[in-house]
Every structure is written in structure tokens, then in C-alpha cells.
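Protein sequence lines correspond, in order, to chains F and L. All residue numbers for the first sequence refer to the numbering used here, where the first residue is 236 and numbers rise by one. All residue numbers for the second sequence refer to the numbering used here, where the first residue is 1181 and numbers rise by one.
What the hints contain is simulated information worked out from the structure, not anything from laboratory work. Just so we're clear, the structure is a prediction, and the values are computed from it rather than from any experiment. Every residue gets a Cβ at the ideal spot worked out from N, C-alpha and C, and that includes glycine. Take these hints with a grain of salt, some might be off.
Said to hold, decoys possible - Below, computed lysine-lysine pairings styled on DSSO-like, alpha-carbon distance capped at 30 Å:
| no. | chain 1 | residue 1 | chain 2 | residue 2 |
| --- | --- | --- | --- | --- |
| 1 | F | LYS342 | F | LYS264 |
| 2 | L | LYS1275 | F | LYS264 |
| 3 | F | LYS520 | F | LYS530 |
| 4 | F | LYS445 | L | LYS1309 |
| 5 | L | LYS1317 | F | LYS445 |
| 6 | L | LYS1275 | F | LYS344 |
| 7 | L | LYS1188 | F | LYS520 |
| 8 | L | LYS1275 | F | LYS526 |
| 9 | L | LYS1309 | F | LYS342 |
| 10 | F | LYS445 | F | LYS264 |
Claimed, not checked - From chain L, some residues computed to sit far from chain F (all C-beta separations above 10 Å):
| no. | residue |
| --- | --- |
| 11 | TRP1226 |
| 12 | TYR1270 |
| 13 | ALA1293 |
| 14 | GLY1368 |
| 15 | LEU1448 |
Claimed, not checked - One-sided and incomplete, this derived list gives chain L residues near chain F with beta-carbon spacing under 7 Å:
| no. | residue |
| --- | --- |
| 16 | ILE1192 |
| 17 | GLY1196 |
| 18 | THR1198 |
| 19 | ALA1215 |
| 20 | ILE1217 |
| 21 | PHE1246 |
| 22 | GLY1247 |
| 23 | ILE1300 |
| 24 | PRO1303 |
| 25 | GLY1360 |
| 26 | ILE1433 |
| 27 | VAL1437 |
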Amino acid sequence: MTSQSSTISIQMQSRSISRRVRTEPFFVKMMLIILALGFLGLFIFLPVVVVFTSALQKGWQFYISAFREPEALAAIRLTLLAAGIAVPLNLIFGLAASWAIAKFEFKGKNLLITLIDLPFSVSPVVSGIIYVLIFGLHGWLGPWLYEHNIQIIFAVPGIVLATIFVTFPFIARELIPLMQAQGTEEEEAAISLGANGWQTFWRVTLPNVKWGVIYGVILCNARAMGEFGAVSVVSGHIRGLTNTLTLHVEILYNEYNTIAAFSLASLLTLLALVTLAAKSIVGWKTRQHIKNAEKISEEKAS
Amino acid sequence: MKAHWFKKRSVIPGFGLTMGFSLLYLSLLVLIPLAGIFLKTATMSWAQFWETIASPRALASYRLSFGAAFIGALLNAVFGLIVAWVLVRYRFPGKQLVDAIVDLPFALPTAVAGIAFTAIYTPNGWIGKWLAPLGLKVAFTPFGVILVLTFIGLPFVVRTVQPVLEDIEPDVEEAAAILGAHRIQTIGRVIFPTVWPALLTGFAMAFARAIGEYGSVIFIAGNMPMHTEITPLLIITKLEQYDYTGATALAVIMLMVSFVLLLLINLLQWWTTRQQRA
């Protein structure tokens, strides 16, 4: 009994020592917190606030009228269209690539992963130019496309292509490590029990990576709707036709139509905030999912 | 099941289909277009190429792009480390919200960031009007470029350093303290060396991202040739003047820099994971 209580007191003592040696004096702590919050306040909080106050500086009427302009509506439609094509295509690619990479062993795997990540390190402007050099009037396929009356650059297909390029790795890079961590045992079990490839994918693999898929889609969509540099190169800035939401914000801003520019910008800011919220929720869900899986495997082990 | 020379046997089906589709999609959308830009450069003469990439205007744009990206990444290394430390070690109200909002620069369209920063720092903006009487100009000067590039790279250092700080075992610090190390010594000799590779990785990522940035910069920079013109803008200017070869030459330079940085970041990440395992 006495030895037990003494170990408890020693434990408590060591815990308080641990807490004391692993932290800083109160004023240092406060100073660091203030520095961190000040930095984030200046660089993140203030710009967000400025978007909404600038959009609402003349009241709701002006704010709402910015969304009634046909050109603004056309820009919103085009942004939705580009993201609506780019995100599903990159989702299919992400699922296929992660299946091939995570479920099989082959040579050159690391090189393939690096190549998939490549678009992240390319400047948005360069991402646009590569398509102009191929499909533009002076590009390789330009004359042929012109003869056949197909327009890609300075038209919607170019915008979709550039959007696909800049969001290319998002879903794949979420899914590859996730599927690699989950291994191949469950799929092998399903196959040996007589399931075919599709059944295994839909019933075993996909439910296991569900949250990773949602996470990747959220990030991919945010970037697809917010891309500026790459679509700016291929768009040609034809109002009402090839202007995405971000490009329309630029035009309004350069015309000193500040309220309209910030009103449309506030829509994109809301999208970013919703993305962050969804990301936090999904991140939390994933952690829970992992915790539950660990708990189950612990119970099995005991 | 067919055995491929480069692939281990497996009972799981679908390798041919998924690999084939992945390679096709990757080649058509990324690899062939990227290769195209190098082919295009190959049609130029060396003198032509050199004249474009070494012109005074191009050199001035590199100075601004690389210089501002470097200072921005440096600011992020310092403050990102503090933010990561505060988020991992201390408790304060609203901490989870702060943690979530660190990623905003990833989610906010760059054009929105550009007009918001410009509105804050013009001489009649919220902060600009306090700086103007002091003779400090931020918007339409290189300082403005540094500010938005800091914003763009902000999450990288925090997100690379944070997990490493979380993984530091309490024993290590306790042992250092018991052996008589002062807190500052513990931080300098025990914690910092552990965090250092991750910090360098985050710095390199922020730097790489900032070099190519276009959307946010063009609003706040003022875009004066030789003074506040970044390289991506110079590329677009050349494109708009139908100088395709000039634009391509500069784009190739930017691509090469990106590839070198990508290689460096991969090496740093490899070093980070090795350091963590050791």
C-alpha cells in the first residue's frame, strides 16, 4: 500500500517536473502567442475582412446588383463548368493511379509519383503557355485546328485544359499514401472469396478511402475554381464568353469597379472558407476512422 | 495472370487498365505538353535564346522574382516556426480555428488575395494610410511583392514543421533538463536540430511556390518594367506581343528552376524522414 502511494507521488512529481522543463516562462509564452497571432492576423485575417467590408461598403443593394450582371453570371457559369469537368476527370485519374501504384509492386514507382506531382511545381503562367504552344494559332496543331474550325486556345476547351493541369495531382496525392498504408490484404481476401475486380474496388477499396477521396475532391475543386494565372494565359479575356470568375474580378478591378470586384471576390472567399471548414471536418473524421480501426485491431489482438 | 518483367505477380486484377489509363492521361496532359516547350526552344538559335534570357529587363525581373520570393520564404521560416510551435505546445482559446485558418492561402484564389492586399496597403488603405505619412510605400513597390509572396507561402513551413514538433518525445527534453541544460540550450541543441530539415523543406517549398506566383502579385506590384515586373508577368507581356519565342525561352528558364527546386525538396524530404527515424 505504502509503496503504491509512493510510486503515485513519484509519478505525479515527475509529471510536474516534465511539465516545468518542457515549457517556457509565462512572458515568453505570451510573447510567442502574440507574435504568432499577430502574424496570422496581419496576413490572413485582415485580407479576408477587407474583402467583405469593401464588398459591402455601399450596402447590400450594390453588393447584390454585382451578381445580377449577365457577364458576372456567365463568369460564374464558366467557372462551374471548368471545375465540373476538371474535378471528375482528375478524380478518375487519381483513383486509377493510386490503384496501380498502391496495390502493385513495379519498377519506377517513385519516378511515376514524382511525375504526377510535377504540375504543382510548374508556375501557373508556364502551365498556360504549354497549351498555347500546342493548340494556339502559331502552335504545332494550330494550323490544322484552324482549317477544321476547332478553337481551343482563347476558348472554353483551353480553360478546361489549363484547369485540369493545375489541379492534376490533388486527388492522386491524397489517395496514393492512403492506399499504400492500407496494403493489399483486404483486396486479396475479397478476390480469393470470388469477388471480381470491380466488386473489390466498389465494396472494399472505395469505402476504405472514402474520406481521402472527399478530402482530395474538396482541395481540387477549390483550386479549380480559384485558378487565375494559367487560365489567364489561355482565356483571351473575352467578356461573357471566356472569362472565369477570377478573371472577371480582375477586369472589374482594373476598371475601378471596386465594389463589384470585391463582391465577386467575396463569393470566392466564402468558397475558400467553406473549403477550410470542410477540410477540418474531413480531417477530424479521418483521424476518428483511424482511431476506430486501431481500437478494433487492438481488441482483436487481445 | 501474365508476369511482366518489371512487375511482381499479384492476385489483384486491373493493373493493365489502371496503369495504362494513368500513363495515357499523364502523358497527354502533362508530359507531352511540357516536352513541347523544350522542343520549341530547340528551334531557336543559341544567340537568340541568350539574348532573351539575359536581356536587362529579364535580369531585373529575375532579381525581383527570386529576391522577393527568398525574403518571403525567410519571413515564413521565422514566423512559420513560431506559429507551429505555438500551435503544438501552448493552449489558448480559439486554437483549433487558428490551426484551420493557416491553410487559407491554399484555398483562397490568388487574385482575391492580390486585390485584398492592394486595398490594405494603398496610401488610403487600412494600413497604407498609417505608413504613408512615414514615407513608407508598400503597394506598387517591391515591398508589396514581398508581402503577397509571404502570404502565398505561409502554410508550407507551418505544415512541414508541425508534425515534427508533435513527434518529439518528452523524454529527450527532460533528459536534457535533468542533465543540467538550460531551456534555451535544450531548444538550441535538442529541438532545433530535429526540426531543422523540416524547416528547410518548408522554406524551399514556400520559395518554389513564390517564384512562379502570378495572380496575387500583378495587382500589388504596379508592374513597371525594370522595377516591379516579375518574370511570369514578363512572359505574359511577351505572349501578348506575339513574341512566342521570347515567352518560351523565359518559360523554359522558370521550368528548369522549378525542376531543380523540386529535386532539392525531394532530397530534403528524404533527409527529414531519415532524421525522424534516427
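Verification of the supplied hints:
In summary, the hint linking LYS342/F to LYS264/F is not supported, as the alpha carbons are separated by about 50 Å, beyond the 30 Å threshold. Under the criterion of a C-alpha separation no larger than 30 Å, the hint pairing LYS1275/L with LYS264/F is consistent with the structure, at around 14 Å. Of the pairs offered as hints, the one joining LYS520/F and LYS530/F holds, with about 15 Å between alpha carbons and a cut-off of 30 Å not exceeded. Under the criterion of a C-alpha separation no larger than 30 Å, the hint pairing LYS445/F with LYS1309/L is inconsistent with the structure, at around 49 Å.
Pair hint LYS1317/L plus LYS445/F does not hold up; C-alpha atoms about 49 Å apart against a cutoff of 30 Å. For the proposed pair LYS1275/L and LYS344/F, the alpha carbon gap of about 39 Å is over 30 Å, so the pair is violated. About 35 Å separates the Cα atoms of LYS1188/L and LYS520/F, which puts this hinted pair outside 30 Å; it is violated. For the hint linking LYS1275/L to LYS526/F, the alpha-carbon distance of about 22 Å falls within 30 Å, and the restraint holds.
A distance of roughly 60 Å separates the Cα atoms of LYS1309/L and LYS342/F; the hinted pair therefore is violated under the 30 Å criterion. With a CA separation close to 40 Å, the supplied pair LYS445/F and LYS264/F exceeds the 30 Å bound. For TRP1226/L, the non-interface assignment is confirmed: its Cβ lies about 20 Å from the closest Cβ of chain F, beyond the 10 Å cut-off. Interface exclusion of TYR1270/L from chain F breaks down, the closest Cβ pair being 6 Å apart, not more than 10 Å.
Interface exclusion of ALA1293/L from chain F breaks down, the closest Cβ pair being 6 Å apart, not more than 10 Å. No Cβ of chain F approaches the Cβ of GLY1368/L within 10 Å, the least distance being about 13 Å, so the stated non-interface status holds. Every CB of chain F lies more than 10 Å from the CB of LEU1448/L, the least distance being 14 Å, so the non-interface label holds. Because the beta carbon of ILE1192/L sits about 5 Å from the nearest beta carbon in chain F, less than 7 Å, this interface hint is met.
Using the Cβ-Cβ criterion of 7 Å, the hint placing GLY1196/L at the interface with chain F is not satisfied: the shortest such distance is roughly 9 Å. For THR1198/L, the interface hint holds, since its Cβ comes within 7 Å of a Cβ in chain F; the closest pair sits about 4 Å apart. Hint status for ALA1215/L relative to chain F: violated, with the closest Cβ pair at about 9 Å, above 7 Å. Interface hint at ILE1217/L: satisfied, since its Cβ lies 5 Å from the closest Cβ of chain F, which is below the 7 Å cut-off.
Among the interface hints, the one on PHE1246/L is violated; its C-beta lies about 13 Å from the nearest C-beta in chain F, farther than the 7 Å criterion. Because the smallest distance between the Cβ of GLY1247/L and any Cβ of chain F comes to about 16 Å, over 7 Å, the interface hint for this residue is violated. A distance limit of 7 Å between C-beta atoms decides the matter here; for ILE1300/L the minimum to chain F is near 5 Å, and the interface restraint holds. Hint status for PRO1303/L: violated, given a least beta-carbon distance of 15 Å to chain F, over 7 Å.
Annotation: interface hint on GLY1360/L violated; nearest CB of chain F at approximately 11 Å, more than 7 Å. For ILE1433/L, the interface hint is violated, since its Cβ never comes within 7 Å of a Cβ in chain F; the closest pair sits about 10 Å apart. Contact between VAL1437/L and chain F, as hinted, is not supported at the beta carbon level, the nearest pair being about 9 Å apart and thus beyond 7 Å.
Comparing the model with each numbered hint stated earlier shows that hints 1, 4, 5, 6, 7, 9, 10, 12, 13, 17, 19, 21, 22, 24, 25, 26 and 27 do not hold.
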